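Enquirer: Sequence:
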Amino acid sequence: MSSEVKCCRWPICCCADWIITSQPLPFLASLRAPHCALLTQCLKHPPLSTPLAQTSTIVEINTHSRRDTMAKTAIAYKEKMKELSMLSLICSCFSPQTRNNLVCEFEDMEVKPINKRASGQAFEVILKPPSPVSDVAHSITSPPKKRDMSLEDIQKKLEAAENRRRSQEAHVLKVLAEKREHERDVLLKAMEENSNFSKMAEEKLILKMEQNKENREAQLAAIMERLHEKERHAAIVRRNKELREELIA
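Residues 2 to 250, numbered by this note's numbering, are exactly what the sequence shown covers, in order.
Keep in mind that the hints were calculated from the coordinates and are not lab data.
Do not take every clue at face value.
What the hints assert, rightly or not - Here are the simulated lysine-lysine pairs, BS3-like style, with alpha carbons at most 25 Å apart:
no.: 1; residue 1: Lys147; residue 2: Lys129
no.: 2; residue 1: Lys147; residue 2: Lys157
no.: 3; residue 1: Lys190; residue 2: Lys175
no.: 4; residue 1: Lys205; residue 2: Lys190
no.: 5; residue 1: Lys200; residue 2: Lys214
no.: 6; residue 1: Lys242; residue 2: Lys231
no.: 7; residue 1: Lys147; residue 2: Lys158
no.: 8; residue 1: Lys190; residue 2: Lys180
Values in this document were obtained by computation on a predicted structure and should not be read as measured data.
Work out the full structure: start from the sequences and follow the hints.
Expert: Written as structure tokens, this is what we have:
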């Protein structure tokens, strides 16, 4: 009884694989007729919720309807094979070109498919032997070996480095000297412009002061001239008065 229960339990798990892959399961050929009958009944009648109920149902079916289930199993298997043939025909209509023996050749390799499964495809990659032309073209040259440096070479390199350092220092000092010379020129130019401005201002001030002095002197001379004119007029008036008095007397 236990062997019959096991044979009817595990094909149920493979039912989905049988439908998806569209291939006859390999275990059907190895099963005996009673086991096939039990498999058909298990597929047609769903099992109950508990393992005990499943076992009792399987045993009851095995004892009472073995011959009927054998015939039903054969009919169901034939119908399933017809359905699978129709399914394969439909699939061939969608993809009429079969590429089972597809071989891809590249410049330096060859790819061959080994076996095709539902989970994926395996390939075999064959590398072609290298040709003499490719050997010459793809030959990797070794890096040149560094020769040992002598003491004279080291001394020459040190002298060259010292000369470069001195030239760089001279260039920096020259740039600094030019910068300082430029600053000094700018300062001298500013001082010269300042002195010129002060000189021009002083000259303008002196000229203005001289003009003011001349104007003042001219004004004083004019005032003194008017005073002298008044004094002369007064003297003439006094003399005329004295002459008039003398004439009257």
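Enquirer: It remains to establish, for every hint, whether it holds in the given structure.
Expert: For each hint, the structure was consulted:
no., hint, verdict
1, Lys147 <-> Lys129, "violated (37 Å)"
2, Lys147 <-> Lys157, "holds (18 Å)"
3, Lys190 <-> Lys175, "holds (22 Å)"
4, Lys205 <-> Lys190, "holds (22 Å)"
5, Lys200 <-> Lys214, "holds (21 Å)"
6, Lys242 <-> Lys231, "holds (16 Å)"
7, Lys147 <-> Lys158, "holds (16 Å)"
8, Lys190 <-> Lys180, "holds (15 Å)"
Hint compliance for this structure: hint 1 alone is broken.
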